[in-house]
Amino acid sequence: MADVLRSLRHGDGSVLAVACAQALGAAGVAVSVLVGEDQGVEPLWRSPGVAAEFEELQFTLGVGPGPDAARTGTAVMAPDLDTVRPDRWPTLLTEARKLGVVGVCCFPLGLGAIRLGVLTVLASAPGATMPEQQLADALTLAAALTGLLLEGNGSRPVGSGTVMGPPMELHRAVVHQATGMVSVQLDVSLSEALLRLRAFAYSRDLPLGDVAGDVVARRLRFNDDKDGPHSPGSRKG
Amino acid sequence: MIGMAREQRLAEIFMEVADSLTEDFDVLDLLQRLSTRCVELLDVSAAGILLADALGELQVVAASDEHTRLLELFALQHHQGPCVDCYRSGAARTNIDLTSPGATANWPRFATRARETGYVATHAIPLRLRDRNIGALNLFQKSPHQLGESDIALAKALAGVATITILQQRTLEQSHIERTQLQTALNSRILVEQVKGILSERWQTSPDEAFFAFRSYARSNHLRLADFATSIIAGDFDTAAIPVPGS
Chain A
80 MADVLRSLRH GDGSVLAVAC AQALGAAGVA VSVLVGEDQG VEPLWRSPGV
130 AAEFEELQFT LGVGPGPDAA RTGTAVMAPD LDTVRPDRWP TLLTEARKLG
180 VVGVCCFPLG LGAIRLGVLT VLASAPGATM PEQQLADALT LAAALTGLLL
230 EGNGSRPVGS GTVMGPPMEL HRAVVHQATG MVSVQLDVSL SEALLRLRAF
280 AYSRDLPLGD VAGDVVARRL RFNDDKDGPH SPGSRKG
Chain B
9 MIGMAREQRL AEIFMEVADS LTEDFDVLDL LQRLSTRCVE LLDVSAAGIL
59 LADALGELQV VAASDEHTRL LELFALQHHQ GPCVDCYRSG AARTNIDLTS
109 PGATANWPRF ATRARETGYV ATHAIPLRLR DRNIGALNLF QKSPHQLGES
159 DIALAKALAG VATITILQQR TLEQSHIERT QLQTALNSRI LVEQVKGILS
209 ERWQTSPDEA FFAFRSYARS NHLRLADFAT SIIAGDFDTA AIPVPGS
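Protein sequence lines correspond, in order, to chains A and B. So the first sequence is numbered by the numbering used here: it starts at 80 and just counts up by one. So the second sequence is numbered by the numbering used here: it starts at 9 and just counts up by one.
Derived by calculation from the structure, the hints in this document are not laboratory data. Keep in mind that this is a model prediction, so the values were computed, not measured. Don't be surprised by glycine CBs; every beta carbon is placed ideally from N, CA and C. Heads up, some of the hints might be wrong.
[Unchecked claim] Covered stretches of chain B, as calculated for chain A (at least 3 residues, CB under 8 Å):
(1) 42-49
(2) 63-69
(3) 73-86
(4) 208-214
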């Protein structure tokens with residue numbers, strides 16, 4: 080699993096998906112991302128075969144554990160499809176069985192209200208719960224993918240963040256508070272606000288936490304005046 | 009006499025928690041209440057509950073107060089600090105003298121920041137689920153009195169209550185997947201920080217004041233903090249309905 084995580088940044092999508100599936104001991108793995116204002120779902124990478132077909136199916140139908148996880152930001156566990164209430168995802172369940180899917184668990188990728196995508200893991204055998212180690216690995220993979228998606232958002236890597244997960248700075252309360260504040264200042268989404276914060280920190284070679292601290296302390300404001308952020312008092316806002 | 013009063017208070021807390029564990033209860037709010045109860049009951053200055061994320065790093069999920077300085081102190085404990093030691097070993101670390109270079113030799117940066125915030129002693133109690141450590145209860149004191157054995161036992165009981173609370177959360181599917189529940193609790197916490205930022209900017213207040221108004225409104229309208237935060241962020245709720253702090 081560690082090797083897989085290390086290669087996430089550079090690897091080829093379908094090769095990675097196969098490697099992830101092997102490391103997890105899963106029948107297949109798929110990663111889809113939410114894009115644009117309407118948060119449409121697009122495939123990022125999928126292991127070929129059943130995982131690709133299942134992912135296509137659930138996002139075409141717009142129902143299933145993947146769309147549920149994307150919408151709610153909560154993991155959706157259906158490790159044994161035979162125990163899922165038949166009316167939960169009626170068409171999907173029938174079609175999934177035809178594809179040979181026996182169980183599926185979906186993990187949201189995101190940070191608070193920022194929703195980035197979904198990791199789907201297909202079980203190799205049905206079980207009452209996902210095996211403990213597989214679950215721990217899947218959550219680790221989801222955290223690593225979240226970090227990667229935040230980086231790949233058009234911004235440059237922040238600080239010493241590693242592919243093992245979101246950079247530590249992203250865990251600090253001030254960063255999330257500043258994200259909320261900047262989203263109001265610029266009237267943009269939280270994910271764009273975070274991007275602007277990170278881009279600013281990167282361009283000035285400052286730690287993200289320091290920039291966020293300045294925003295929360297109101298020493299720094301982001302105004303959409305093309306000149307970028309500035310300190311109140313130094314110039315007209 | 010003091011012992012009696014405290015036992016009674018503890019019994020009330022257990023009742024409060026038991027009453028709250030309804031199907032749709034609010035894990036964040038309950039953990040926050042529990043943190044403030046720790047402060048009252050143990051006569052400490054601040055308390056926080058930290059959970060390990062998928063990568064084994066501790067994140068704060070609830071605190072007795074929302075002062076950013078306190079939150080930052082918890083956040084320092086990703087890789088080092090008494091809570092990290094406690095989480096890794098599963099053993100409580102109590103009555104740590106933050107003014108003693110010897111006692112804090114392993115995490116000088118944390119100790120310095122804690123002292124700057126006014127704390128002189130700290131304690132870390134593990135949150136344990138069967139044989140697995142899932143996080144820690146962190147206590148801070150501004151006065152140097154020692155916590156006795158009965159205090160520590162009480163702190164452990166409260167840590168146990170916190171563990172039960174976290175694992176009682178309802179998930180979308182009924183399977184009892186503890187790890188995903190921890191993840192959900194941590195993500196809800198981030199959501200609340202984001203909404204604090206949004207509200208404090210709209211109202212031009214501090215994040216602490218924004219949180220207080222946000223929580224008061226949620227409590228009096230029986231809304232779960234994470235759900236309420238989600239609808240505010242999605243623009244589905246007109247925040248003009250919330251009384252603005254200080255007006």
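Evaluation of the provided hints:
1. For the stretch 42-49 of chain B, the stated coverage by chain A is violated: 0 residues have a C-beta nearer than 8 Å to a C-beta of that chain, whereas at least 3 were required.
2. A stretch counts as covered by a chain when three or more of its residues have a beta carbon under 8 Å from one of that chain; for the stretch 63-69 of chain B and chain A the count is 4, and the coverage holds.
3. Check result for the stretch 73-86 of chain B against chain A: holds, 5 residues qualifying (beta carbon to beta carbon below 8 Å, three or more required).
4. With 3 residues bearing a CB less than 8 Å from a CB of chain A, the stretch 208-214 of chain B meets the requirement of three and the coverage assertion stands.
Going through the hint list in order, the structure does not satisfy hint 1, though it satisfies all others.
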